[in-house]
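Chain by chain, the residues run as shown.
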Amino acid sequence: MIHVSARVEYMSISVRFFASIRLKLGKSHDTIDCKGIATVADVWERSAKIPPPAHLLVAVNQEYASLGQSVHDGDEVAFFPPVTGGQE
Amino acid sequence: MKIQLSATAFDPWQEIVRYQSGQPRLEGKFGATTVFVGTLRDFNQGEAVRAMTLEHYAPMTEKHLERIAHEASSRWPIEDVLVVHRYGELSPNDPIVLVAVWSAHRDDAFQACRYVIDELKTRAPFWKQETVGAGKRWVTPEG
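Listed in order, the protein sequences are those of chains X and Z.
Counting from 1, position 5 in the first sequence corresponds to residue 5 in the working numbering; the numbering is continuous, with no gaps.
Counting from 1, position 30 in the second sequence corresponds to residue 1030 in the working numbering; the numbering is continuous, with no gaps.
For the record, the hints were derived by calculation from the structure and aren't laboratory data.
Possibly wrong hints are sitting among the right ones.
[Said to hold, decoys possible] With beta-carbon atoms standing in for the labels, derived distance ranges:
(1) Z:T1140 / X:S70: 42 to 48 angstroms
(2) Z:Q1004 / X:P82: 22 to 28 angstroms
(3) Z:G1028 / X:D73: 48 to 54 angstroms
(4) X:L67 / Z:Q1045: 19 to 25 angstroms
(5) Z:A1009 / X:K27: 26 to 32 angstroms
(6) Z:K1002 / X:I50: 37 to 43 angstroms
(7) X:K35 / Z:W1138: 19 to 25 angstroms
(8) Z:H1070 / X:S28: 28 to 34 angstroms
Glycine included, every Cβ here is placed at the ideal spot set by N, Cα and C.
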């Protein structure tokens, strides 16, 4: 009898942190296995390991997103504080 | 249309002359050029600012600046847009951002220029950290 085992290959999710979030977490990049990861909030929880701060902004593949947005293999997820470009 | 990020100091007036002279299709087509230049002050919120670090998220920055410029082009009948934004280490008196708009008429040029700088402030992923006194502080959005 031949036993065939199915092996699921998971790709990874690239995580990036900027500005005060980067300093608070002490890292600018992370790579996480996407097994068990469904949303942006899951990515934050796995990588940051602290509750998300107020006014946290997120982007998935360089587009603004919400913590509830779903993520997929190979996505780039970024977390950062409110932006302050330009000039008053 | 041109979107440029600069790691080193730039002269906004030279950038305008250089860009416009390289666009012969603009000749005779525009009657108005509006320009906004944002420059680093040596004071903010009652404290002396000695330097500033401007962090950004490439390539999200370019992507959103291009989108904002395209939006301005679709909302107003303008001929061209130039945006130059600094990042990295800045000193007081360094230009931070340049927005220049060319249009047939002044009202469209003014409104489009205002739109680009206002949208940029809330959508382009830049973060300012000022060096004040002995320490550094993150700039937070007003309001």
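Hint check:
| no. | hint | in the structure |
| --- | --- | --- |
| 1 | Z:T1140 / X:S70: 42 to 48 angstroms | 30 angstroms, violated |
| 2 | Z:Q1004 / X:P82: 22 to 28 angstroms | 24 angstroms, holds |
| 3 | Z:G1028 / X:D73: 48 to 54 angstroms | 52 angstroms, holds |
| 4 | X:L67 / Z:Q1045: 19 to 25 angstroms | 31 angstroms, violated |
| 5 | Z:A1009 / X:K27: 26 to 32 angstroms | 30 angstroms, holds |
| 6 | Z:K1002 / X:I50: 37 to 43 angstroms | 41 angstroms, holds |
| 7 | X:K35 / Z:W1138: 19 to 25 angstroms | 35 angstroms, violated |
| 8 | Z:H1070 / X:S28: 28 to 34 angstroms | 30 angstroms, holds |
Hints 1, 4, 7, counting from the list given before, are not met by this structure.
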